[in-house]
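Undergrad: Each chain, letter by letter, is given below.
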Amino acid sequence: MQQVPCPWCGKRAEVEFRYAGDAGVKRPERMADDKTWAQYLHARKNAKGPAKELWIHTAGCGRWFVLSRDTLTHEVTGSEPMA
Amino acid sequence: MTGFVRMESGGAIDRTQRLRFVFDGAPYESFAGDTIASALLANNVRIVGRSFKYHRPRGIYTAGAEEPNAILDLRHGARHDPNARATLEPLADGLELRSIHAKGTAARDRLAFLDRFARFIPAAFYYKTFMWPNWAAYEHRIRSLAGLGRLDPTARATSAAHVHAEVDVCVVGSGPSGLAAALAAARLGKRVMLVDERPELGGSLLHREAMIDGEQGAAWAGHVARTLRDCNVAILRRSTAVGLYDHNVLAVVQKGALSSANGERIWLVRAGQVVVATGAIERPLLFANNDRPGVMLADAALAYLRRYAVRLGERIVVATSNDSAYEAALALRGAGSDVHLVDSRPETDIDPALAASARAAGIELLAASRIDSVVGHRSVEAVILGNGKRISAELVAHSGGWTPSLHLYCHAKGKPQWDSTAGSYRPGNKVPGIDVVGAAAGLWDLDAMLQQATAIAGGQQGEAPRCNDKVKQWTAPSIVPSSGKRVWVDLQNDVTVADIELAVRENFSAVEHLKRYTTIGMGTDQGKTSNVNALAILAVSTSQEIAKFGTTTFRPPYVPVSMATVAGAERGQLQWPIRRLPAENTHRQEHAYFRDYGGVLRPAWYGARADAIAEECVAARNDAVVFDASSLGKIEIVGPAAAALLDFVYYTPMASLAVGRARYGLTLSEAGIVADDGVVLRLGPSHFVVSCSSSHVAGMVMQLEAWRQDRFDLARVFIHDATAHWATIAISGPGSKPIVAGLGLGIALDDATFPHMSVAEGSFGGRPARIARVSFTGERSYEISVPAAVGAQLWQSVRDAGASPLGIEALGVLRAEKGYIYVGQDTDGETMPHDLGVAGPRSKRQDAYVGDRSLFTPAASKANRKKLVGILAEGKTPVPTGAHAIEIVAGRKRGVGYVTSSYSSQRLGHPIALGLIEGGLDRGSEPIDLEHLGHSFKGRIVSPCFFDPKGARLNA
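Protein sequence lines correspond, in order, to chains A and B. Under my numbering, think of the first position of the first sequence as 1, with each following residue one higher. Under my numbering, think of the first position of the second sequence as 84, with each following residue one higher.
Worth flagging that the hints you see were computed from the coordinates, not collected in a lab. Please note: incorrect hints may appear among the correct ones.
[What the hints assert, rightly or not] Computed cross-link-like contacts, DSBU-like style, restricted to lysine-lysine with a CA-CA straight-line distance of at most 30 Å:
| # | chain 1 | residue 1 | chain 2 | residue 2 |
| --- | --- | --- | --- | --- |
| 1 | B | Lys1033 | B | Lys820 |
| 2 | B | Lys927 | B | Lys1033 |
| 3 | B | Lys927 | A | Lys26 |
| 4 | A | Lys35 | A | Lys48 |
| 5 | A | Lys48 | A | Lys11 |
| 6 | B | Lys901 | B | Lys959 |
| 7 | A | Lys45 | A | Lys11 |
| 8 | A | Lys11 | B | Lys513 |
| 9 | B | Lys496 | A | Lys48 |
| 10 | B | Lys945 | B | Lys976 |
| 11 | B | Lys568 | A | Lys52 |
| 12 | A | Lys45 | B | Lys496 |
| 13 | A | Lys52 | B | Lys498 |
| 14 | A | Lys45 | B | Lys498 |
| 15 | A | Lys11 | A | Lys35 |
| 16 | B | Lys568 | B | Lys472 |
| 17 | B | Lys472 | B | Lys498 |
| 18 | B | Lys513 | A | Lys52 |
| 19 | B | Lys496 | B | Lys631 |
| 20 | B | Lys498 | A | Lys48 |
| 21 | B | Lys927 | A | Lys35 |
| 22 | B | Lys820 | B | Lys927 |
| 23 | A | Lys35 | B | Lys945 |
| 24 | B | Lys945 | A | Lys11 |
| 25 | B | Lys498 | A | Lys11 |
| 26 | A | Lys52 | A | Lys26 |
| 27 | B | Lys945 | B | Lys959 |
| 28 | B | Lys273 | A | Lys11 |
| 29 | B | Lys273 | B | Lys498 |
| 30 | B | Lys136 | B | Lys186 |
| 31 | A | Lys45 | A | Lys35 |
| 32 | B | Lys186 | A | Lys48 |
| 33 | B | Lys945 | A | Lys26 |
| 34 | B | Lys631 | A | Lys48 |
| 35 | A | Lys26 | A | Lys48 |
| 36 | B | Lys631 | B | Lys472 |
| 37 | B | Lys901 | B | Lys927 |
Generate the whole structure from the sequences, applying the supplied hints.
TA: Here is the structure:
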């Protein structure tokens, strides 16, 4: 079981968290073209290796944050509040 | 011949404590301190089971977790283990044991004849033979022949405790390396846990000779164990580390724990450092009939002799390819047996001192020799050597080298590398946080092991225990498959050398293919004794290096773990707790029939009458009914940015809602799909309550939080799920107003000050009450929320005032008559708000809201989208929910939608249905064909609101 460092609560067991997708996905403006909007909805990097991910400390402080994690080795290198 | 007997003295057994047990119906006696295996051997029981496929007699083969044969069905009081490993399971008084596989007993198996057909049923025979007409025609019979243990469906379910622990260092294995590592870590003041699968610490020191720090190995181990205890090292005995998971979490299954009925407990241990000191497993030599009862690994023979004082016959052949079996040969000779030592190495390759000591002890040492085959059926009678010489024997103890136990290292993504000099795999890449030491790391010199283990645990160089015994490198054999004879590689799955050669001929020569084609390395032992030999045969058969093949993937668990233990307490209600209404007991007194609605236990209807639902519907339309709506969401949104947050999350604009008013709204996903519906109440300029569907509360909170944290100043808006704090009782029907008036809520009820879709705060019995005029029945309704503790009291007051109870099923009919939807039932994964006829915000709103842009894609604007409609079926019976609407296009049927809700309506006198149909009302009112499971129906598309379309009854 992975150990996830919540920026507010410190290292906690993975079961306290929920994964919420890629970090850094920007919501386009209302009048974005179809392709931009489709990219926002569906296109994800699905990185093999280092990745920036959104996690939620659901069974803790409830905060969303950005986790730096290697999807191959599961090594966690840090976390920071959502920008 | 006297057979296998217990010696008068010696061993770590307690001869003062006699234990009785039963095996295959026959009673036996033995001593405390025995394992089941040693007790059976001491009773001269040779056949303990039958083989998986050919039903050949099989005996005890090892003394550890790698045992392929001695898997027994164990019953002891309430405990039932259908796959107990006799080699690790301590004997207990009253154990009832049965062999598995055998029809009858292991000694007299009615399926023993199968072995005579062996040449017709080689590897993969099933795949090739049972093809006509199909496998399913044979599967049942073949499965009834196959087996391992059988679960007893009447056995009592048990629940094992799960314990979480966190330590600095967790050492797996308490052999010399494990003890040295634990000692060094404990001396540094670290939090240390030591785990071993046996009841005693010491590993190989318990039966192998060694002098460490001037003490006999076993004594040194006892001494270290006491020191560790004094240093507060957590010592888990009879505990097997079955898996090593992400971020250094070890799963350890402990047996013999008192806290659970099956005696098992799972420890989940997060360790800063995991020291893998799991040792090595002896590798078998290959010769014909090497599966006969009485053929066992040399180290196991040594263990049964030294630890359990079992003398394994008068005439013994020890066969080896390395030095390690010499200790066994000497010990067996020392116990008075006549020992032949068959060493495959030429005399020149054998350490002269070792050879001399064997000969001096009276052992007949035959260098450059190997066993060709074993004679005997139900037990070993003799061996035939490669040169044709026959030696009579009761026991064949053999050693083909050692295989480091790298399972845990591999679980943690370690990649073992083949070391051709040592003839074994050893750890390759370094895995952070994990260190492999001792024999598991491919070290065979005891002094070097102690030094290495001490250093890895952070100890100083001078601190390491010292051992002056010189241990020679244990070299692995070159494999010589005896073609044409039956040479077993995997005893548990009945796989022979010939089977592997067959697989190679048929091109299943990749290691993962070989495993699946022949089943080698499967089963409860997962090939612990067979995997490397299989690779060696593969290498010889394909004329390639072993290193080229790699290994099959090691996956947890290292030994089988029962599902009951994995589940622990997480079963039934504890795994998936049902939510309950605060007034549940009151509903029970009202004879409610309860059902699970989206995880909430709610009254479906009241009373045992066949037409309860219809009667409840009539009461709601004619008089007054009371409904427990406590599970409806009550999410409070508070703060100056509350209105802006709701405006963004809701499709329906909410910022414009006036204080004291309620508004029905939809929420969408970013893909524009309807996610939930519900009512939002505005209690103050900065205070809203979101009343969403019961089963969507958690999802709604997540959705609100996600956008709050993404787009809003966290100090200006807060979200609080108060659903469970409030009981909500809805009173509905033309007679509802006087009942509410009688409750003394302290609010004005006249329709001018308190119209439909408004909210007010009052009190009930001195407690706060919130009253909302919202309706899910289409009738005048009041939803009263009070603190959960007084919910039952409010229910009772309303009942006393004359309202009759209404269950969910009747509510479902009433709302369908009005065309009110259930999101998720009357909508699907493509439904957008304008498909439900709620198109206003889509055409009017210019500001941003969740899902906005998705409502303007080409797909969202297509004319033939599935839209909500009412369906009037011909006839008196409702169409089945899920029935498909059909069109015939160019002679072919095409589905154009389906029925989502369907009921008989007492009030309307005919069946009604809701559905999602392409084009919706634009299709016009021509009849539509419906089909369900081969039955056809006719219907007509109408507006989804069947009753009181003007909504006059809301104020009736």
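Undergrad: Would you mind confirming whether the straight-line C-alpha gap from Lys48/A to Lys11/A stays at or under 30 Å?
TA: holds, 24 Å
Undergrad: Assess, step by step, whether the Cα of Lys35/A is no farther than 30 Å from the Cα of Lys945/B, and give holds or violated.
TA: holds, 18 Å
Undergrad: Take a quick look at whether Lys45/A and Lys498/B sit within 30 Å of each other, Cα to Cα.
TA: holds, 28 Å
Undergrad: For the pair supplied as a hint, Lys945/B and Lys976/B, confirm whether the alpha-carbon distance does not exceed 30 Å.
TA: holds, 22 Å
Undergrad: Compare the distance between the alpha carbons of Lys1033/B and Lys820/B with 30 Å, and conclude whether the hinted pair is satisfied.
TA: holds, 20 Å
Undergrad: Between the alpha carbons of Lys35/A and Lys48/A, is the straight-line distance 30 Å or under?
TA: holds, 25 Å
Undergrad: Hey, Lys136/B versus Lys186/B, does the alpha-carbon distance stay inside 30 Å?
TA: Distance ~13 Å between Lys136/B and Lys186/B Cα, so the pair holds.
Undergrad: Quickly compare the C-alpha distance for Lys631/B and Lys472/B to 30 Å and report which way the hint goes.
TA: With a Cα-Cα distance of about 37 Å, the restraint between Lys631/B and Lys472/B is violated, given a limit of 30 Å.
Undergrad: Taken at face value, is the distance from the CA of Lys11/A to the CA of Lys945/B at most 30 Å?
TA: Cα-Cα ~50 Å, so violated.
Undergrad: Straight-line Cα separation of Lys26/A and Lys48/A no greater than 30 Å?
TA: Since the Cα atoms of Lys26/A and Lys48/A sit roughly 21 Å apart, the hinted pair holds (cutoff 30 Å).
Undergrad: Are the Cα positions of Lys273/B and Lys11/A separated by 30 Å at most?
TA: This hinted pair holds, its Cα atoms lying about 20 Å apart.
Undergrad: Check the hint pairing Lys945/B with Lys959/B against an upper bound of 30 Å on the C-alpha distance.
TA: Violated, at roughly 35 Å.
Against the hints set out earlier in the document, violations occur for numbers 11, 15, 17, 22, 24, 27, 32 and 36.
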